[in-house]
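Peer 1: Given these sequences and hints, build the entire structure.
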Amino acid sequence: QSNISSQNLLPAASGKGLRVGILCAKWNREIIDRLVEGCLKTLTDAGVRREDIVLMDVPGSYELPFAAKCLTDRSDIDAVIGIGVLIKGETMHFEYISDHCTSGLMRVGLDSGKPVIFGVLTCLTHDQAVARSTGESNHGLAWGRAVVDMCALKNQCKQ
Amino acid sequence: QSNISSQNLLPAASGKGLRVGILCAKWNREIIDRLVEGCLKTLTDAGVRREDIVLMDVPGSYELPFAAKCLTDRSDIDAVIGIGVLIKGETMHFEYISDHCTSGLMRVGLDSGKPVIFGVLTCLTHDQAVARSTGESNHGLAWGRAVVDMCALKNQCKQ
Amino acid sequence: QSNISSQNLLPAASGKGLRVGILCAKWNREIIDRLVEGCLKTLTDAGVRREDIVLMDVPGSYELPFAAKCLTDRSDIDAVIGIGVLIKGETMHFEYISDHCTSGLMRVGLDSGKPVIFGVLTCLTHDQAVARSTGESNHGLAWGRAVVDMCALKNQCKQ
Amino acid sequence: QSNISSQNLLPAASGKGLRVGILCAKWNREIIDRLVEGCLKTLTDAGVRREDIVLMDVPGSYELPFAAKCLTDRSDIDAVIGIGVLIKGETMHFEYISDHCTSGLMRVGLDSGKPVIFGVLTCLTHDQAVARSTGESNHGLAWGRAVVDMCALKNQCKQ
Amino acid sequence: QSNISSQNLLPAASGKGLRVGILCAKWNREIIDRLVEGCLKTLTDAGVRREDIVLMDVPGSYELPFAAKCLTDRSDIDAVIGIGVLIKGETMHFEYISDHCTSGLMRVGLDSGKPVIFGVLTCLTHDQAVARSTGESNHGLAWGRAVVDMCALKNQCKQ
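Protein chains in written order, with our numbering: chain A, 7 to 165; chain B, 7 to 165; chain C, 7 to 165; chain D, 7 to 165; chain E, 7 to 165.
Simulated from the structure, these hints should not be mistaken for laboratory data.
Please note: incorrect hints may appear among the correct ones.
[What the hints assert, rightly or not] Quick list of simulated restraints, FRET-style, between CB atoms:
no. : chain 1 : residue 1 : chain 2 : residue 2 : range
1   : E       : N161      : C       : G23       : 38 to 44 angstroms
2   : B       : R35       : A       : G141      : 21 to 27 angstroms
3   : D       : G95       : A       : W33       : 37 to 43 angstroms
4   : D       : G141      : A       : H132      : 46 to 52 angstroms
5   : E       : D117      : D       : L130      : 31 to 37 angstroms
6   : A       : H132      : E       : G95       : 27 to 33 angstroms
A virtual CB, placed ideally from N, CA and C, is assigned to each residue, including glycine.
Peer 2: Have a look at this one:
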């Protein structure tokens with residue numbers, strides 16, 4: 007019974023021919039870099055060519071949705087990952103940026119019709135962010151796969 | 007007096023002819039599978055044909071709205087259920103994903119004019135999610151019925 | 007001085023000729039029924055004919071905005087009341103449904119240009135919901151009046 | 007140095023010729039009345055004619071955005087103030103109404119291109135609301151000025 | 007490995023020819039002034055001419071999104087910074103204004119296609135706001151750079 011839901015599941019998707027934008031907030035650079043490496047690994051493992059991946063910096067996570075819009079407006083970009091590392095500080099900055107960078111990336115995906123992957127860590131401590139960007143727990147690995155899977159799902163839905 | 011509000015209520019709705027998409031986040035697979043089984047039971051009990059139900063995976067609950075948009079864009083899909091299981095962890099990930107997957111599914115339903123059922127458990131513990139996916143408390147049962155009821159309501163509203 | 011703000015106030019509005027949709031979530035049925043009775047009382051007291059009031063069920067409060075959209079899309083419906091009773095439970099379901107059913111009903115009102123009254127109790131206990139649906143404190147009474155007042159305001163604003 | 011940011015500042019704006027709508031929720035009437043008086047004082051002090059100010063009631067703060075839309079749709083209204091007094095009660099009603107009346111008024115301003123001033127007190131106690139509607143602390147004074155300033159800013163931005 | 011993500015990074019951007027609007031809420035003027043100075047320093051350091059920077063006041067942070075819309079509607083404005091200082095008080099005013107000024111500025115950026123930089127401090131104490139507007143920690147410095155970087159990113163994305 008446990009495999010009922012896998013009857014019509016997507017086949018292991020290929021990323022061949024996909025052109026992907028990766029946006030990186032500048033804060034917590036070392037962690038961001040590892041997350042990007044994770045994305046690049048799973049993207050290229052799935053067949054995305056390294057030269058078809060565009061990397062761009064943005065000042066902070068609040069700018070991710072706007073930059074995602076700029077990239078999804080391009081006809082030669084199929085999907086975007088917005089990567090940021092937000093860590094709770096003394097003020098309420100963390101909460102408002104986290105909330106509206108999440109809603110903004112969602113909006114850009116729905117407006118554009120192109121997958122926009124939420125690659126933002128919203129952590130209470132620096133250690134939490136390190137743990138989620140290291141080794142097998144590197145969330146970037148999942149985000150790279152998510153791009154490929156969502157592009158496959160989108161194509162499968164086309165009539 | 008207690009039946010005042012049931013005067014114009016929908017008749018027991020039939021799902022005959024409905025074509026339904028079920029989207030499943032990949033996390034907490036065992037729980038998701040039971041929720042899907044619940045949906046399938048009430049959908050088919052209502053007359054929806056098994057071959058008219060499309061099952062698709064998405065990487066996580068944040069991707070449910072985008073996938074729901076892809077499915078509602080199809081002329082051969084009448085309604086969508088977005089299924090996910092979110093469980094509170096150490097970071098604030100749970101809060102932001104829960105919030106914007108809820109608002110995103112709402113947006114897709116209102117934008118598309120097709121019922122998009124919110125099938126996401128937003129739990130504080132794993133046990134809570136298990137309880138809500140088991141036996142008579144399996145929320146999937148209600149979600150399947152909700153699809154049929156909302157499609158009936160939509161049709162009833164057509165002039 | 008206390009009557010400055012009442013100089014240009016709306017006259018006691020009449021509901022004559024109004025056609026109103028009332029949507030009811032199925033949960034906490036006994037409370038919902040009393041709230042509906044409250045709405046019906048003030049609507050009919052204001053001159054709305056009982057046969058011009060359409061009652062419809064929806065599975066839960068999350069479905070209220072979609073159903074409100076279906077009703078406001080009809081040319082023979084002037085306004086909608088979305089009624090639900092949400093009570094805080096063990097999980098975070100209450101918070102996310104409350105939040106986005108509130109925002110969804112707001113959106114449908116602004117999108118459609120027809121009054122959509124928020125008739126959802128967001129309570130921490132069952133007792134709170136009972137208190138707000140009983141006797142003179144029955145919030146349904148206010149919601150019925152709100153429909154009439156908002157339709158009058160809308161007409162008054164037409165040029 | 008402290009005057010750097012005032013180099014291009016708006017001149018003391020005049021409200022001559024402006025036509026303003028003031029919307030009032032019916033709850034906490036005594037406080038609302040003082041807030042309205044505050045608005046009227048600064049509006050008329052700035053040159054807005056009393057006969058060019060339209061006062062209208064709405065049932066509660068949730069209805070402010072819809073009513074604001076009705077007023078901004080009129081060609082003879084230049085700006086709107088939505089006034090309400092929300093006080094924390096036993097249930098979560100306060101939180102959801104406060105949140106979405108705030109977002110709704112924002113939406114109507116951005117959709118319409120006319121200033122919609124947020125004149126809602128979101129207080130934890132009745133005393134807080136009294137304090138913010140009395141004497142020099144009467145927030146209505148600031149809201150009236152805000153209308154005039156924002157209309158001036160809008161005109162200054164026109165090319 | 008730490009430089010993987012910097013392969014395609016933006017070159018040090020120039021602000022030559024950019025025309026920038028800076029919006030300032032009137033509250034906490036002394037802090038606002040220092041934040042503006044910070045913006046002006048990095049903008050002019052990047053080559054933006056002082057006469058191409060427009061400074062405008064708004065009554066409070068809630069008005070920042072509307073004013074940003076007015077400015078982005080102008081063809082001679084390339085980007086906007088919305089500056090405000092919100093400090094937690096006794097009521098819930100802080101939370102609702104913070105939330106929806108954040109979402110409103112995001113909306114205006116995405117609607118207009120012009121960078122709208124979030125320059126609002128959301129602090130729990132006055133000291134926190136002072137610290138974030140002083141010397142090297144002056145957040146205005148980063149906001150000025152963000153304008154230049156985001157305009158460069160936008161241009162780089164144009165096909």
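Peer 1: If a hint holds in the structure, say so; if it does not, say that too.
Peer 2: Taking the hints in turn, this is what the structure says about them:
Taking 38 to 44 angstroms as the suggested C-beta distance range, the pair N161(E) and G23(C) does not conform, at roughly 57 angstroms. For R35(B) and G141(A), the Cβ-Cβ distance of about 22 angstroms falls inside the hinted range of 21 to 27 angstroms, so the restraint holds. A beta carbon spacing of about 40 angstroms between G95(D) and W33(A) agrees with the range 37 to 43 angstroms that was offered as a hint. Distance hint check: the CB atoms of G141(D) and H132(A) are about 48 angstroms apart, consistent with the given range 46 to 52 angstroms.
At about 34 angstroms, the CB distance of D117(E) to L130(D) agrees with the hint of 31 to 37 angstroms. For H132(A) and G95(E), the hinted distance range of 27 to 33 angstroms is satisfied, since their beta carbons lie about 30 angstroms from each other.
Comparing the model with each earlier hint shows a violation of hint 1 alone; every other hint is respected.
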